[in-house]
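Each protein sequence line maps, in turn, to chains U and E. Per the numbering used here, residue -10 is the first one in the first sequence, and the count goes up by one each step. Per the numbering used here, residue -10 is the first one in the second sequence, and the count goes up by one each step.
Keep in mind that the hints were calculated from the coordinates and are not lab data. Among the hints, erroneous ones may be present.
Repeated chains share a single entry, so a pair holds when one copy, or any two copies, can fit it.
The list that follows gives simulated cross-link-like pairs (lysine-lysine, BS3-like), each with its CA atoms no further than 25 Å apart [to be verified]:
#, residue 1, residue 2
1, LYS121, LYS27
2, LYS27, LYS119
3, LYS27, LYS40
4, LYS11, LYS39
5, LYS14, LYS119
6, LYS141, LYS119
7, LYS119, LYS55
8, LYS141, LYS121
9, LYS141, LYS55
10, LYS121, LYS40
11, LYS27, LYS141
2 protein chains.
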Amino acid sequence: MVQVLSDRRSNARSAGGEEYEKRRKAILLAAASIFREKGYAAANGDDIAKKAGMDRASLYYYYAGKQEIFRDMVGEAVTDNVLMAEQIAGSTDVPERQLRRLIEGLFSSYSRHFPYLFVFVQEEMTRLTKDKSAWSATMRRLDKRFDDAIIKIIQTGVDAGSFTIRGDARLAAVGIIGMCNWSHRWFDPNRGHDGAMIAATFSDLVLKGMISRLD
Amino acid sequence: MVQVLSDRRSNARSAGGEEYEKRRKAILLAAASIFREKGYAAANGDDIAKKAGMDRASLYYYYAGKQEIFRDMVGEAVTDNVLMAEQIAGSTDVPERQLRRLIEGLFSSYSRHFPYLFVFVQEEMTRLTKDKSAWSATMRRLDKRFDDAIIKIIQTGVDAGSFTIRGDARLAAVGIIGMCNWSHRWFDPNRGHDGAMIAATFSDLVLKGMISRLD
């Protein structure tokens, strides 16, 4: 039974089609809303189906369960962030501006994809190194591409003489990524936290430092 | 049976005594070594008992199991870090020097207490807000005291005009704490990572910023 449905899902997905894509997006939106309201752990397929205006059996035609929905959703959000980072790193902006745009884009993404992107940062990212699924392998590659984009920005700044860092660009990059990603423990756009203000504060912190300057 | 042993443990602990404390410290050291070798999840009481040179029954006289050992061990490490942070924040050093000492002390602690302090950062810290145990309440209080010490250092710098930050001292503090704590995902003193060098790099990053200065 599970196998048959699983095959049917695979065929439906590869066949694609406009109507299929439209319904799938509707499920992702519904699930995002349920994950936001109830949290990932408490969310279930019935809630998601109801929100998407379909029954559980119809939902099951698209997704095997909440983990598959979650992975699809997070995969899209993380892919978007990687493409954003690579686009910024490849732009003609100066490194300072690139880094600001990237941190701003990241907090905007945390807000838009709250809280499931944080569930991923907290729970799933740690398991990625152990998990042998194709999804995990893809996510590891995306994670590396994101790191590489930040490293490239910093290294470009160092090579141009506009950035001075102790240690290498990779270490500065993991410091900045850590500063941003740790926000999964405290950032909550629904409690009035302003992503743009946080991004500006963190950008200033790592670009200008705290020590008062005369300029 | 369990209740009787549990009472015996409580009595033994409150009675204290030099020999008891010595044996307890030996167990903590043995467990630290096992947690380092095998990781928390794979560690078990038999390994710890063997390493401490006692049988499982004797170990059980001191600790109910690995969680209790882990909590005791992490509790001591976190308490040490809080006392360090408060000592630094209360010292006569200028805020810049205080912050450098604190970040340095933190990475030194991560190295000394590797990896169980990181297991705590990854797994236990997240559960603290949900867990109703006395241990969790204590850890939450310690966590707040640590945050408060960093906020105090930053605020002192701002008030004296030596630090300039956008946003408030609390936001800068969680940024710096995030930069340091995120290292639980990548820092490994056994793979040649140098805690002192990382601390110096991160201190420069948040104090001086990356933008090249003429001074």
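Hint by hint, which ones does this structure get wrong, listed from lowest number up? 5, 6, 8, 9, 10, 11
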